[in-house]
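There are 2 protein chains.
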Amino acid sequence: MATAQLTAHELIAKHRPTLDQALEAIRTRAYWSPHPEHPKAYGENGSLDAAAGKAAFDALLGNRLDLGQAGTDDWVGGEVSPYGIELGVEYPHADIDQLLPAMKAGQREWRDAGAEMRAVVCLEILKRISDRTHEFAHAVMHTSGQAFMMAFQAGGPHAQDRGLEAVAYAYVEQVRTPDTAEWTKPQGKRDPLALNKQFTPVPRGIALLIGCNTFPTWNGYPGLFASLATGNAVLVKPHPRAVLPLALTVQAARQVLAEAGFDPNLVALAAERPDEGIAKTLALRPEIRIIDYTGSTVFGDWLEANARQAQVHTEKAGVNTVIVDSTDNYKGMLSNLAFSLSLYSGQMCTTPQNLLVPRDGIRTDEGPKTYDEVVADLSRAVDGLLGDDARANALLGAIVNPDVKARLEAAAGLGEVALASREVANPEFPDAVVRTPVIVKLDGAKPDDEAAYMSECFGPVSFAVAVDSAAHAVELLRRTVREKGAMTVGAYTTDDEVEQAVQEACLEEAAQLSLNLTGGVYVNQTAAFSDFHGSGGNPAANSALTDGAFVANRFRVVEVRREA
Amino acid sequence: MATAQLTAHELIAKHRPTLDQALEAIRTRAYWSPHPEHPKAYGENGSLDAAAGKAAFDALLGNRLDLGQAGTDDWVGGEVSPYGIELGVEYPHADIDQLLPAMKAGQREWRDAGAEMRAVVCLEILKRISDRTHEFAHAVMHTSGQAFMMAFQAGGPHAQDRGLEAVAYAYVEQVRTPDTAEWTKPQGKRDPLALNKQFTPVPRGIALLIGCNTFPTWNGYPGLFASLATGNAVLVKPHPRAVLPLALTVQAARQVLAEAGFDPNLVALAAERPDEGIAKTLALRPEIRIIDYTGSTVFGDWLEANARQAQVHTEKAGVNTVIVDSTDNYKGMLSNLAFSLSLYSGQMCTTPQNLLVPRDGIRTDEGPKTYDEVVADLSRAVDGLLGDDARANALLGAIVNPDVKARLEAAAGLGEVALASREVANPEFPDAVVRTPVIVKLDGAKPDDEAAYMSECFGPVSFAVAVDSAAHAVELLRRTVREKGAMTVGAYTTDDEVEQAVQEACLEEAAQLSLNLTGGVYVNQTAAFSDFHGSGGNPAANSALTDGAFVANRFRVVEVRREA
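First to last, the protein sequences are chains E and Z.
Residue 502 in numbering that gives the first Met the number 0 sits at position 503 of the first sequence; the count goes up by one each step and never skips.
Residue 225 in numbering that gives the first Met the number 0 sits at position 226 of the second sequence; the count goes up by one each step and never skips.
Isolated chain E (complex conformation):
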């Protein structure tokens, strides 16, 4: 092992204050972030500014990204941006039988480094990533199809926040038990019994991160950093269409690990050949003891049922509901909802799908509105928001893959179209597939419509479901969450009883609820250190980002006791 260029002393001096702030933030859950959201905040103290970040990204294109990994037997690539360009980056393809043993080689030193050292090494990795936020923004944009500003924020500072949050939870969980204890038990007149005890957090083994196409960093960092901070090695298996952001992450992690005197193979990339389906193979390897996965319900359920040797954390699909019962800010409600439906073309696991509106209409500060008026006004609000092509492109991004486009096109056949999807031209990237959301009217009393609104239709598709009453809406909400899961629930009501009923349904079905959002916070957004992403208590996800349960079983505590 090389001499460490980064000492424990330096890393602790540099990062302990940030760790302490993160620990305080997860206790108070007040707003906090050390990662600036504004692109102009970068360019000093070692961070790349916009031009340098773009240049760094451009330099990656068409080249081989050699991570220096053990067991590299080949090179694979082939990502095509949803914006149309071919990335042409080649990644190491691993001989798993060589790579996995190599990943275990450095685990003892990593374990013995202790929780604080692991935390500050993770914070240094996040710092290196933060410095390259502009570069990552392009990488996220050209794999997920997010518009630049969203790719910058959600793929950069917000993802880094989620990673830091996981490090904070992992650290505090490990130090709940002291390193040592003296135990002295009185024995009446006899000498007391006395033991010295040592407690060591030990990792489970190698963790597997299975990345997703739409939020490779945001959804990937919590599991990656939670596992690494608790002493595990981490094998990163990115989505084949979104390799670059996680490959750069692995690169940063390996650099920092090596500089701090640890084995860089503690973090490695498992890129795959087309149709290799390596996730299934990896998930069943006995060395893999933890899995973090974001993606389809089918594969998530398969992992939970089959990867029995591992702790499996999944975020799968759900059907998100917004109940529209009444409001004292009709305009605010419409513009808030219009934004929620449009952001990243509805390709967020948190985007509302079913808007439940009483068929007899709703009460508003602008007087009563019929079901048809509400749906028409919301459609107009979306149209208004996306009327300007430049703004539409900046909000919508690109459709991430042909499946989403096909679902969008099929949605128009599911019911009466209240708002048709339209194509938006992207002058910078003419091959980008950019579409505005469709809103389809369905009837909650018609059994034929149920198949549509009770299935996840991932993408820019929403259903305005006519319901009999607020009570009917709450009942449908409850059933949807119980049977299909939900990452988010929204509700608009000025009625205390309805509010209580919605709240009770969410408490009983374990769904995260946003009430009466009319301003600049949207139901599909959660903030690290304060909001939980998912609850882990309904079928959409078996974990929440991030809580104690997300980290507590990634390590075990081994006790060694001796007579004092």
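Just so you know, the hints here were simulated from the structure itself, not pulled from any lab data.
Owing to the predicted nature of the structure, the values given are computational and were not obtained by experimental measurement.
Treat the hints with caution; some may be incorrect.
If several chains are the same, the list does not tell them apart, and a pair holds so long as it fits within one copy or across any two.
Stated by the list, open to error - Computed list of lysine-lysine pairs in DSS-like fashion (alpha-carbon distance at most 30 Å, straight line): (1) Lys184 / Lys330; (2) Lys368 / Lys330; (3) Lys13 / Lys39; (4) Lys188 / Lys39; (5) Lys368 / Lys404; (6) Lys103 / Lys440.
With chain E fixed as given, assemble chain Z onto it according to the hints.
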């Protein structure tokens, strides 16, 4: 719901100081217990003394224990004490389709009571149980076969400690997230974004406790109290041979819940008819969202594989190893080991089974000892310890069931018998089956012997396995823990290198290690608030008693956010 006789104010005033001490104890892991170990400590402040406890137990015999449970359709019983007496107690048999809905009826009030109120209600339940420790001691003795003093201590104060420990972990886990937060995010020159957030710990549903024959209270209380304290209802399915201690526990819980104004059906008993096998049925019910189980590996594995709707915590079988490499206190080692092998006739999940001794002998403070000498001296130490029948009865207790007796009898055929088991007469209970342990010599280099020492032989059976060297012993230890699991590992060595190697094996395989115990602490004993019971990281158990992971997934946190 009846008016509460016990108010939150009273319960908090009474129990908060104890809760705070428990919270401090799990942080420092120093010795602490609020539950006296000495039988004479009981009889004041509402607790039953020895005579009153015995009288209370006697009054139960031959009678129906009516818990006033919903859905009682029949009465079942039939326990026969390992000491030979028929208990003749009848318990309610439940119509599950009536009982489970009734258990859900009170969950909302229990959830809304909050973490602190739930904790102090649990502490009041433990106080009522503690007051009846003498009564419980007889109930545990006459179901588990433990000798009275062990039934008193392990079934009484030590079990209550483990229950309290679980309450403390559950409480602190729930209050890690505040009830409310104000979140204000600066927006440069614009108004900040501001949200009010509420966080509510919500239960998963109904928890199922599947009790065991040997330690109904000690192994049952952690899961029971962890689930109850996190807002779940708890259905207690005792082992058919050990119903009484858990039925009395359910009785105490129901009384306190009712007095505190909660629905007593939040805790209920599921006693079964002979061969009804109700655990399998219950474990797959959708209402059951948490399972705690202690027992065979076969059923534990079945639960983990099949009860997919639930969080499953299992303590299964393992093969516990003691490495004997060298000692500077040969007599102390022998007497400590002799006690460990004899206590409760080796019927503890923590009793050592395989004693690995180098075939070339060991170094001791009394000079070198050959393998044969070590085994002979240990056999003599056991003989000496159990030479007096009164003391033998007090240590051994009774053989819990015919399977253990059969295994003991078969063990003599597995190899050369170094110490034969002998029958001990119990003058008070002539029908009790009391046996001293057998020690059988095996050879770690003989493939034929491997089947014996690599399987759990639950009961008073130990194998003195000759190994080639300390390194061979460590290798065999490592393989045993990895393949079979272990609740405990012991080692005797004065050699730093051997100690390091054993310690490293335990850290890598996640096994709890006791080093060089020669006094009054034994490898098979763990103390609540300080020692972890199991690690949750090897095949013997998927959970440790008690840590954050044991409680963190019994509830979820639901967030409700509104614009400020």
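- Using 30 Å as the alpha carbon limit, work out where Lys13 and Lys39 are close: within a copy, between copies, both or neither. within (23 Å within a copy, 58 Å between copies)
- Item | Intra/inter-copy verdict for Lys184 and Lys330 if alpha-carbon distance must be at most 30 Å | The answer is between: 23 Å across copies meets 30 Å, while 68 Å in one copy does not.
- With identical chains treated as interchangeable, where does the CA-CA distance between Lys188 and Lys39 reach 30 Å or less: within a copy, between copies, both, or neither? Answer is between; shortest inter-copy Cα gap is 16 Å, intra-copy 72 Å.
- Indicate which option fits the pair Lys368, Lys330 if close means a Cα-Cα distance not exceeding 30 Å: within, between, both or neither. This pair counts as within: shortest intra-copy Cα distance 12 Å, inter-copy 89 Å.
- Message: One pair to classify: Lys103 and Lys440, alpha carbons no more than 30 Å apart. Within, between, both, or neither?
- Response: neither (55 Å within a copy, 37 Å between copies)
- At most 30 Å between C-alpha atoms: does Lys368 with Lys404 qualify within a copy, between copies, both, or neither? Classified as neither: same-chain Cα gap 33 Å, cross-chain 79 Å, threshold 30 Å.
The structure does not agree with the numbered hints 5 and 6 stated previously, though it agrees with the rest.
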